[in-house]
Amino acid sequence: DTGVSQNPRHKITKRGQNVTFRCDPISEHNRLYWYRQTLGQGPEFLTYFQNEAQLEKSRLLSDRFSAERPKGSFSTLEIQRTEQGDSAMYLCASSLEVGKNIQYFGAGTRLSVL
Amino acid sequence: AQSVAQPEDQVNVAEGNPLTVKCTYSVSGNPYLFWYVQYPNRGLQFLLKYITGDNLVKGSYGFEAEFNKSQTSFHLKKPSALVSDSALYFCAVREGGYNKLIFGAGTRLAVHP
Chain Y
1 DTGVSQNPRH KITKRGQNVT FRCDPISEHN RLYWYRQTLG QGPEFLTYFQ
51 NEAQLEKSRL LSDRFSAERP KGSFSTLEIQ RTEQGDSAMY LCASSLEVGK
101 NIQYFGAGTR LSVL
Chain H
1001 AQSVAQPEDQ VNVAEGNPLT VKCTYSVSGN PYLFWYVQYP NRGLQFLLKY
1051 ITGDNLVKGS YGFEAEFNKS QTSFHLKKPS ALVSDSALYF CAVREGGYNK
1101 LIFGAGTRLA VHP
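Same order as they appear, the protein sequences are chains Y and H. Counting with the working numbering, you get residues 1 to 114 for the letters of the first sequence. Counting with the working numbering, you get residues 1001 to 1113 for the letters of the second sequence.
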C-alpha cells in the first residue's frame, strides 16, 4: 500500500518566481486536500477536490495560488510570483468519500522563498 | 466556526509514566474529533478519531483519547510513555460537508529516559 506521495520534498526559490508542487494520493481515494503549515502552527486548509472538481477554496488561497486535479488522480499546486510569506510546508492529504473519512497525509513539500 | 485549542505548547514526561495531551473544542452540532502525530520531516499520521459512541477511543501505538462532552474536551492519553513517542501532536475537528480538518496549534511531547 503506497501512501500519499509529494514532490519535491524541498523547494528553494527566489521571490517572484513561480513554483509547482505535485501530490499523488492513495490510488482509490477520490478526495484530495491541500493544507499549509507554518512553523509553530497546525496545518491550515487551502483547498479540496472531489475527483477532478475543486469544491472548496480557503480565503488563504490568493489569486497567486492555483490548484488542479485534471484526471481525478494526481494534483498540482502552483504559486505564481512567490513572496517570502509563502514559505511554509505544503501538505497534501487524501481520503475515501465514504467510510471512515480518515485523511492520510503526505510528507509535504517545504518551500523556502529567498 | 469550529475550532480546537491545545493549551500546552510542550508536555514533558518521564519514560514509563502516563501522559496526557490536552485538547478542547468548540463546535456547532456533533463533533468529529481527531488526533494526529507528526515526526520530524514526515507527514501527519492518524492516531484515532471520535465520531460517536464510546467516550473512550482506542487508537494506534497504545494511545487512547477520552471524549468529554460537558467539558468539551478530547484529551489524548497513554498509560506508559516511550521515548519514541516524542513528537508533535495535533488535535483536529472536522468542519463542513467536505470533511476539511481544523487543527490546533500542536503540542510538542518530550519523553525523557
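The set of hints was computed from the structure by calculation and includes no laboratory data. None of the values given here were measured: they were computed from a predicted structure. Check each hint, because a few of them may be wrong.
As the list claims (entries may be wrong) - Taking CB as the label site, the calculated pair distances span:
#	chain 1	residue 1	chain 2	residue 2	range
1	H	Asn1012	Y	Glu68	40 to 48 Å
2	H	Ser1028	Y	Lys14	40 to 48 Å
3	H	Lys1077	Y	Pro70	41 to 49 Å
4	Y	Asn51	H	Ala1014	19 to 27 Å
5	Y	Asn51	H	Gln1010	20 to 28 Å
6	Y	Gln50	H	Val1083	18 to 26 Å
7	H	Ser1028	Y	Ser27	18 to 26 Å
8	H	His1112	Y	Gly72	40 to 48 Å
9	Y	Glu52	H	Ala1014	29 to 37 Å
10	Y	Leu39	H	Lys1077	24 to 32 Å
11	H	Gln1010	Y	Arg64	20 to 28 Å
12	Y	Ser87	H	Ser1003	35 to 43 Å
As the list claims (entries may be wrong) - Chain Y residues, not near chain H, derived (Cβ > 12 Å throughout):
#	residue
13	Gln17
14	Arg22
15	Glu56
16	Ser73
17	Arg81
18	Ser87
19	Met89
20	Leu91
21	Glu97
22	Ile102
23	Gln103
Every residue gets a Cβ at the ideal spot worked out from N, C-alpha and C, and that includes glycine.
Hint check results:
The hint said 40 to 48 Å for the Cβ distance between Asn1012 (chain H) and Glu68 (chain Y), and at roughly 44 Å that hint holds. Separated by about 44 Å at the C-beta atoms, Ser1028 (chain H) and Lys14 (chain Y) satisfy the suggested range of 40 to 48 Å. At roughly 44 Å, the beta-carbon separation of Lys1077 (chain H) and Pro70 (chain Y) lies within the given 41 to 49 Å, and the hint holds. Judged by the Cβ atoms, the range 19 to 27 Å given for Asn51 (chain Y) and Ala1014 (chain H) is violated: they are separated by roughly 49 Å.
Range check, Asn51 (chain Y) to Gln1010 (chain H): about 41 Å between beta-carbon atoms, so the 20 to 28 Å window is missed. At roughly 41 Å, the beta carbons of Gln50 (chain Y) and Val1083 (chain H) sit outside the given window of 18 to 26 Å. One distance hint, 18 to 26 Å for the beta-carbon pair Ser1028 (chain H) and Ser27 (chain Y), is violated here, with the actual separation near 35 Å. The beta-carbon spacing between His1112 (chain H) and Gly72 (chain Y), approximately 47 Å, falls within the hinted interval of 40 to 48 Å.
Between Glu52 (chain Y) and Ala1014 (chain H) the C-beta distance comes to about 51 Å, which lies outside the given range of 29 to 37 Å. A C-beta distance of roughly 27 Å is found between Leu39 (chain Y) and Lys1077 (chain H), which places it inside the suggested range of 24 to 32 Å. The supplied range of 20 to 28 Å is broken by Gln1010 (chain H) and Arg64 (chain Y), whose beta-carbon atoms lie about 35 Å from each other. One distance hint, 35 to 43 Å for the beta-carbon pair Ser87 (chain Y) and Ser1003 (chain H), is violated here, with the actual separation near 25 Å.
Annotated as non-interface, Gln17 (chain Y) keeps its C-beta farther than 12 Å from every C-beta of chain H; the closest such distance is 24 Å. Arg22 (chain Y), annotated as away from the interface, keeps every beta carbon of chain H farther than 12 Å; the closest lies near 15 Å. Not every CB of chain H is more than 12 Å from the CB of Glu56 (chain Y) (nearest about 5 Å), against its label as outside the interface. Even its closest Cβ contact with chain H, about 19 Å, leaves Ser73 (chain Y) beyond 12 Å, as expected for a residue assigned away from the interface.
With 12 Å as the threshold on Cβ separation, the claim that Arg81 (chain Y) sits away from chain H holds: the shortest Cβ distance comes to roughly 26 Å. For Ser87 (chain Y), the shortest C-beta to C-beta distance to chain H comes to about 16 Å, beyond the 12 Å cut-off, and the non-interface label holds. A beta-carbon of chain H is positioned within 12 Å of the beta-carbon of Met89 (chain Y); the least distance is around 9 Å. Remark: the non-interface label on Leu91 (chain Y) conflicts with the geometry, its nearest Cβ contact in chain H lying 6 Å away (cut-off 12 Å).
Taking the minimum C-beta to C-beta distance to chain H, about 9 Å, the non-interface status of Glu97 (chain Y) is violated against the 12 Å cut. At the 12 Å boundary, the C-beta of Ile102 (chain Y) falls inside the reach of chain H, the nearest C-beta of that chain being 5 Å off. Chain H draws Gln103 (chain Y) into its interface by the beta-carbon criterion, the shortest separation being 6 Å against a cut-off of 12 Å.
The structure does not agree with the numbered hints 4, 5, 6, 7, 9, 11, 12, 15, 19, 20, 21, 22, 23 stated previously, though it agrees with the rest.
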